[in-house]
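*Asks:* Chain residues, written in single-letter form:
There are 2 protein chains.
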Amino acid sequence: MSFGFKKKILRVNLENQKINKEENTEGFYRKYFGGRGLISYFLLRELEPNIDPLSSKNKLIFACGPVTGASVSGAGRHSVGAKSPLTGGYGESEAGGFWGTELKKAGYDAIIIEGRSEKPVYLWICDDTVEIRNASSLWGKQILQTQEIIQDETKSQSIRIASIGPGGEKLVRFASIIHDLRHVAGRGGMGAVMGSKNLKAVVVKGTGKVKIAKPKKLQTLAMWMVKNVDRLVHTLHTYGTGAAMDVYETTGNLPVNNFREGVFPSVDSISAQTIKKTVSVGMETCFACAVRCKKIVKVSDGRWKVDPVYGGPEYETLAAFGSNCGIDDLKVICKANELCQRYSLDTISTGVTISFAMECFENGLLTLAQTDGINLNFGNKKAMLKVIELIGQRKGIGDILAEGSKRASKILGSKTERFSVQVKGQEVPMHDPRLRRGQGLGYAVSPTGADHMHNIYDTMYSHNIPRDIEGLGILEPVPIDDLGPKKIRLFHYVSTWNSLDNSLCLCTFTPWSVRQKVAIVNYVTGWKTTAFELMKVSERATNLARLFNIREGFDRKDDVLPTRLLEPKVNGALSTSSIKAKDLEKAKDIYYKMIGWNKKGIPTSEKLMELDIA
Amino acid sequence: MSFGFKKKILRVNLENQKINKEENTEGFYRKYFGGRGLISYFLLRELEPNIDPLSSKNKLIFACGPVTGASVSGAGRHSVGAKSPLTGGYGESEAGGFWGTELKKAGYDAIIIEGRSEKPVYLWICDDTVEIRNASSLWGKQILQTQEIIQDETKSQSIRIASIGPGGEKLVRFASIIHDLRHVAGRGGMGAVMGSKNLKAVVVKGTGKVKIAKPKKLQTLAMWMVKNVDRLVHTLHTYGTGAAMDVYETTGNLPVNNFREGVFPSVDSISAQTIKKTVSVGMETCFACAVRCKKIVKVSDGRWKVDPVYGGPEYETLAAFGSNCGIDDLKVICKANELCQRYSLDTISTGVTISFAMECFENGLLTLAQTDGINLNFGNKKAMLKVIELIGQRKGIGDILAEGSKRASKILGSKTERFSVQVKGQEVPMHDPRLRRGQGLGYAVSPTGADHMHNIYDTMYSHNIPRDIEGLGILEPVPIDDLGPKKIRLFHYVSTWNSLDNSLCLCTFTPWSVRQKVAIVNYVTGWKTTAFELMKVSERATNLARLFNIREGFDRKDDVLPTRLLEPKVNGALSTSSIKAKDLEKAKDIYYKMIGWNKKGIPTSEKLMELDIA
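In order, the protein sequences belong to chains A and B. At position 393 of the first sequence the residue is numbered 407 (the numbering used here), and the sequence of numbers has no breaks. At position 533 of the second sequence the residue is numbered 547 (the numbering used here), and the sequence of numbers has no breaks.
Treat each hint with caution, since some may be false.
Copies of the same chain look alike in the list, so a pair counts if it fits in one copy or across any two.
As the list claims (entries may be wrong) - Subject to a maximum C-alpha distance of 20 Å in a straight line, what follows is the list of computed DMTMM-like cross-link-like pairs (lysine to aspartate or glutamate):
#1 621 with 603
#2 400 with 275
#3 613 with 603
#4 600 with 572
#5 607 with 620
#6 71 with 484
#7 607 with 626
#8 500 with 626
No lab work stands behind these hints, which were simulated from the structure alone.
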């Protein structure tokens, strides 16, 4: 029996063109599950230390989880991993949509892509048939054109395509991988790794089924969510992400002008509510999901037309290209989002790298000569859109910024370093740790660099236990700006539980309770797992990722926040208080010891024994 | 709402006769649950350090758990705790039966008894009515007489009585507390603490109900066990404990002659199967339990008559007075068991203290003069029964042995120390750690001294995950005599899960799966707890008990096994190999660090923060 899992991993070597299908035991899958669990396992086991992430020695892994492709809300996800060209450490990014489900239907839990093809190729997978095909005609094409040509060549509309645009080809260090035009594995430069392998696309067609151990029970649970989704997540269901931006501005959570400021009076003009009223042409969904939180936007007139095939901006994108670049024109932000999809660029890193450049420019550390005459001031819409394209093409100033803000600051001079808002080289997302201090700890210790998917319960607003974390033992609220033992405990438990989603692979936005997630795994696999076992699966995966980073030379010294986030904002709610470096160090002391890492942030051998890691 | 819990704790001070009823929040109960959770919380918080356990400063706590009194198999249990006069550390013992359920029905989760009465008293609890009553007429009486007098005096048969016999009154350091003639809180000398307070009995009558949040779901689960109990635990259900003694003898698990030997050819004559065929008059049950594992034996003729009102011997008793004292006469063992109930003595400590004395005697370290002419050789039935009575009366050699084997060896001279088979002063149960090495670690680190309820999965015999621990993440079998990292991990997870039973309070012998136990808690309380939260509840309780011991001066140096258990047996399966002291030290190094204790075995402040212990 192999419910949930296919027990088959596809291994493709682009160098010698060897294609293997590898099987593992049920016990293997129960230990590592999928997503981060599989990726961290294989990267740690198979990569040589200290390789160049853009060399042929890197491996690119697409991994589904046990629930990928199960007909239940949130289960349309998979992860993509490799050594990150942005951070030099563990790289992993998740995407929703339909691609992962298709891979499972084709009969595989994961694909491990090795080596580098001499010429551009794409991978064609149709059930048992796996071919490395010529992609010369695709090279240089944007995402939509790439899809159209492949559909034409394969004479099939019912295929799922993971592909890169020029950003990936040109090795932009934060290039993303786009699935079916708008489902993005955005962070950490997985698109650049794909580009470095001369791999334009991974095309999947699957005719099989994902076998479910208890289909009726799963269906009952799925229907429960359909009936309750509006009650549970009305705002997300109605507007998608980005409907709380006014609150974020008031409280100080919203980055303004490269995280420097806290006041953005026209915040309402770039919110998800305004999208709904203006540029929205509806909401779409990932596979089998009742939440339907994916915005689709269309701008058909004016200076910036936006093609709805590329979806619409999430909150992260709205803030990164909006308030964070001093821009309050929604259509410009939608265009920026569309350009990132066309070129396959991560919107967070792109936005924050541009805001970095804007602050450098305003401080005279980036000159008109360097920008080829572009006035890169905060708020310059045209300049921002132009620079996105330059990054995607690695032209002019874009060639420097394509390196990410950390490397760019090294090129532009040490005075620019304090404008580079990143952790381990990955740009900081749109939740300000000066307000959310648990989130700050999360940014600092995340194996992928700054990552916002760790700690959504940085605070709790009432004495009721939130339904989606009931059962984790968090019984009391902790203030949002606290970073003491109770917050660290909350972060440890909640971030471990949330990170599990990256191994399942299940969407964090679907409001399943702890018990419901456990039930989903059991209904899919036929196991009798528990929240305890799942917490350990998550811990195991994150410790493997940590070990990968340790081997690459990372340790405690790298678990830090950038200078900018340790200073108060120049105005707004957080202009008088901030997270402090010494408080973060204290928090690390406690957190490391609490989770079984030594003072340098290295997992103790006893912790590894406890997680059954040899 | 207060499903499961009564949210009321009764506090009775025998010194000033004050009676208080204290309320706590739902959050308090969710954090500490009951049993060990409550006992360790109150003992650590309220006892002065370094008090004499038999002084008025000790407190005796009877504590139910959330599931006590719920109509489901295994839920008829409660715990009794105090500073132990046997170990000088955290003392706690559990009992089945009906008493705990009655206390819940009377409206209380726990009773905290403080101070010392000047004269013998008993406590009368009938719902809201709580009285400290004169027990002068009861003092000196055995258990049955005590019960009859109280029933007469209160004109009630439908009461539940926790009482002590002469053993408790005489402060035998391993005196037990007997509930309703045959449900025993045996270990750690809780009966002596009760005796030191001049408290003869705690009599309870409750007319209320235990409110269940989801009674229909609970009933469905209860009925499932009724239907499946024979399939799941056929042997236990049919014979009670003690049906595997032949295997235990073959493998070396069975103690013979004070743990010295491994061969006991007539093992079959003292097994539960033989009881079934000979002295059994049926099987009885605890409250609401389908397992019905309680033997009732009767011997109405011959030299040793055994009164069936006192129940029958468990495996621990069969071995402690049987093979461990070189005795293969079942009726004698049944009589020994009955005597222990009459006098309120722990059968394990009594048996092992007598086997200690027998070995001393055979080695000339205990003389006929000291025994008043009793030939205390291994196998001397009459002598054994006589000495039990002497212990219960603290007469002659019994007065020395009533101190337990550790203190007795100090009295009898240092040469006798190697015959004292105890950890922290508490005698070792009937599972030999030379075979079961995880069990050995368990004996060493248990807060109560040697205790056998920690680690029933010292090995797993197949590659299937046993149903009752599926969901704890143990995926592979570990050899029984292994004490490496995999065994330590298994011990950590399984012992934490098993110890939870002491906080729930649920019987470890009921074959509920991990998921079913979680469901029971949720159906009873209306919470949505998980195995993760429950593991943390268990860890919290055990860490509180550990902190209590640390305050009393215990640390790593006390987490050891007695010399006898570090030597091979003189014959039988374990005559060539044994657990070694240095292997145990290595295992402690790993175990301590794995569970968040420092090298001295003290919980780190970060561990306490993680468990939300202030």
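*Asks:* A separate judgement is required for each hint: does it hold in the structure or not?
*Replies:* Against the structure, the hints:
no. : hint         : result
1   : 621 with 603 : both (16 Å within a copy, 12 Å between copies)
2   : 400 with 275 : neither (24 Å within a copy, 87 Å between copies)
3   : 613 with 603 : both (7 Å within a copy, 18 Å between copies)
4   : 600 with 572 : within (15 Å within a copy, 33 Å between copies)
5   : 607 with 620 : both (12 Å within a copy, 6 Å between copies)
6   : 71 with 484  : neither (44 Å within a copy, 39 Å between copies)
7   : 607 with 626 : both (19 Å within a copy, 15 Å between copies)
8   : 500 with 626 : between (28 Å within a copy, 7 Å between copies)
In summary, the structure is inconsistent with hints 2 and 6 from the numbered list given earlier, while agreeing with the others.
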